[in-house]
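Read top to bottom, the protein sequences are chains A and B.
The first sequence begins at 1 in my numbering and counts up one residue at a time.
The second sequence begins at 1 in my numbering and counts up one residue at a time.
No lab work stands behind these hints, which were simulated from the structure alone.
Heads up, a few of these hints could be off.
Heads up, simulated EDC-like pairs for lysine to aspartate or glutamate below, C-alpha to C-alpha not over 16 angstroms straight-line [what the hints assert, rightly or not]:
#1 A:K91 - B:E78
#2 A:K91 - B:E88
#3 B:K5 - B:E78
#4 B:K91 - A:E88
Over 10 angstroms on every C-beta distance to chain A, these chain B residues come out as not near it, computed from the model [to be verified]:
#5 D10
#6 G14
#7 S15
#8 R17
#9 D37
#10 R69
#11 D73
#12 E88
#13 L109
#14 P113
#15 L122
#16 H133
Computed from a predicted model, the values in this text were never measured in an experiment.
Where a beta carbon is used, it is the ideal one built from N, C-alpha and C, also for glycine.
There are 2 protein chains.
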Amino acid sequence: MRALKYYWEDLLPGSARELGSVSPTAEEIRAFAAQFDPQPFHLNEEAAKASIFGGLCASGWHTCAMAMRLMVDNFLHESASLGSPGLESLKWLKPVFPGDTLTLRHLVLDSRPMASRPDVGLVRTAWEMFNQHGEQVLHMEGWGMFRRRPPEGAGVGSERPGAG
Amino acid sequence: MRALKYYWEDLLPGSARELGSVSPTAEEIRAFAAQFDPQPFHLNEEAAKASIFGGLCASGWHTCAMAMRLMVDNFLHESASLGSPGLESLKWLKPVFPGDTLTLRHLVLDSRPMASRPDVGLVRTAWEMFNQHGEQVLHMEGWGMFRRRPPEGAGVGSERPGAG
Numbered sequence: 001m002r003a004l005k006y007y008w009e010d011l012l013p014g015s016a017r018e019l020g021s022v023s024p025t026a027e028e029i030r031a032f033a034a035q036f037d038p039q040p041f042h043l044n045e046e047a048a049k050a051s052i053f054g055g056l057c058a059s060g061w062h063t064c065a066m067a068m069r070l071m072v073d074n075f076l077h078e079s080a081s082l083g084s085p086g087l088e089s090l091k092w093l094k095p096v097f098p099g100d101t102l103t104l105r106h107l108v109l110d111s112r113p114m115a116s117r118p119d120v121g122l123v124r125t126a127w128e129m130f131n132q133h134g135e136q137v138l139h140m141e142g143w144g145m146f147r148r149r150p151p152e153g154a155g156v157g158s159e160r161p162g163a164g
Numbered sequence: 001m002r003a004l005k006y007y008w009e010d011l012l013p014g015s016a017r018e019l020g021s022v023s024p025t026a027e028e029i030r031a032f033a034a035q036f037d038p039q040p041f042h043l044n045e046e047a048a049k050a051s052i053f054g055g056l057c058a059s060g061w062h063t064c065a066m067a068m069r070l071m072v073d074n075f076l077h078e079s080a081s082l083g084s085p086g087l088e089s090l091k092w093l094k095p096v097f098p099g100d101t102l103t104l105r106h107l108v109l110d111s112r113p114m115a116s117r118p119d120v121g122l123v124r125t126a127w128e129m130f131n132q133h134g135e136q137v138l139h140m141e142g143w144g145m146f147r148r149r150p151p152e153g154a155g156v157g158s159e160r161p162g163a164g
């Protein structure tokens with residue numbers, strides 16, 4: 001069983017984490033678009049040049065999915081996350097082009113216990129993704145649920161996220 | 001060149017469109033998760049049974065991506081869409097399981113001209129996705145930009161979305 005590093009108590013408002021970077025290729029951008037968002041500016045260089053984006057760019061959903069991968073690899077897999085009911089804000093601020101290097105930062109904005117479940121806490125976070133020029137390309141905000149740190153001496157089973 | 005059926009003027013507040021359905025397989029759910037959201041409950045049946053979801057379920061981002069594909073195939077490819085700056089709300093209301101049949105409905109909530117660009121209008125829409133039990137699994141709301149219908153006699157070039 002994996003060790004958990006982050007419980008609700010560890011996610012303090014005002015804290016920030018750098019969650020790594022990703023650099024999509026043109027092939028990856030086209031492959032995602034062919035499956036999920038087959039608009040010309042995500043598939044075809046010529047059509048993209050004539051579009052408002054000025055060149056082939058990633059589907060906004062691809063950008064979100066790449067951010068999620070960084071989130072899982074560099075944070076959630078060591079956390080007592082119980083998932084998220086959704087987002088209150090999602091902004092695609094700039095297009096993402098092939099070869100861009102995208103860096104993810106995760107900020108804790110707010111935190112409160114969950115009234116109906118004493119073993120769970122809520123955390124409001126922001127996800128900020130920047131390209132290699134320092135321009136923000138993605139901004140998301142929403143609440144997530146995290147299991148609270150079990151009392152000393154509690155059994156291992158109760159530490160597993162989602163096992164309750 | 002494709003014909004455009006929907007300009008800003010055609011998207012009337014109160015109108016609704018049914019945009020088809022999709023049914024993800026367990027293999028598709030695992031493939032998306034392996035690439036973008038490798039949490040155990042999206043990858044492994046046994047781990048998923050022990051989770052709060054009770055069984056293997058799709059990444060929320062996979063659900064969004066499937067909704068986008070229906071949106072493009074059954075609406076956007078015939079529209080003068082100029083893209084979206086983002087969403088004001090995204091709710092994952094229920095888990096999506098393999099073999100679920102997901103149906104997308106698109107509602108126009110509000111509409112206004114864009115002050116800074118007389119050839120563009122804004123439309124506030126809701127995306128609602130339901131499973132075969134009639135349960136809503138996804139709700140999204142946000143603004144989109146659409147080109148306005150060109151005046152009679154205007155050249156073909158000005159009708160191409162994103163060409164301006």
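Okay, the hints, checked on the actual structure:
1. A:K91 - B:E78: Violated. A:K91 to B:E78 sits at ~24 angstroms, over the 16 angstroms cutoff.
2. A:K91 - B:E88: 8 angstroms, holds
3. B:K5 - B:E78: Judged against 16 angstroms, a Cα distance of about 5 angstroms means the pair holds.
4. B:K91 - A:E88: Measuring from Cα to Cα gives roughly 8 angstroms; hence the hint holds.
5. D10: 19 angstroms, holds
6. G14: B:G14 is indeed farther than 10 angstroms from all Cβ atoms of chain A, at 25 angstroms.
7. S15: 22 angstroms, holds
8. R17: 18 angstroms, holds
9. D37: Given a closest Cβ separation of 5 angstroms, the condition is violated.
10. R69: About 5 angstroms separates B:R69 from the closest Cβ of chain A, which leaves it inside 10 angstroms; violated.
11. D73: At about 8 angstroms from chain A, B:D73 fails to clear the 10 angstroms cut-off, so the statement is violated.
12. E88: The assertion about B:E88 is violated, with a minimum of 7 angstroms to chain A.
13. L109: With a cut-off of 10 angstroms, B:L109 remains clear of chain A, as the shortest Cβ separation is near 17 angstroms.
14. P113: 18 angstroms, holds
15. L122: The claim stands: B:L122 keeps its Cβ more than 10 angstroms from every Cβ of chain A (closest is about 15 angstroms).
16. H133: 19 angstroms, holds
Violated hints, in rising order: 1, 9, 10, 11, 12; the structure is consistent with all others.
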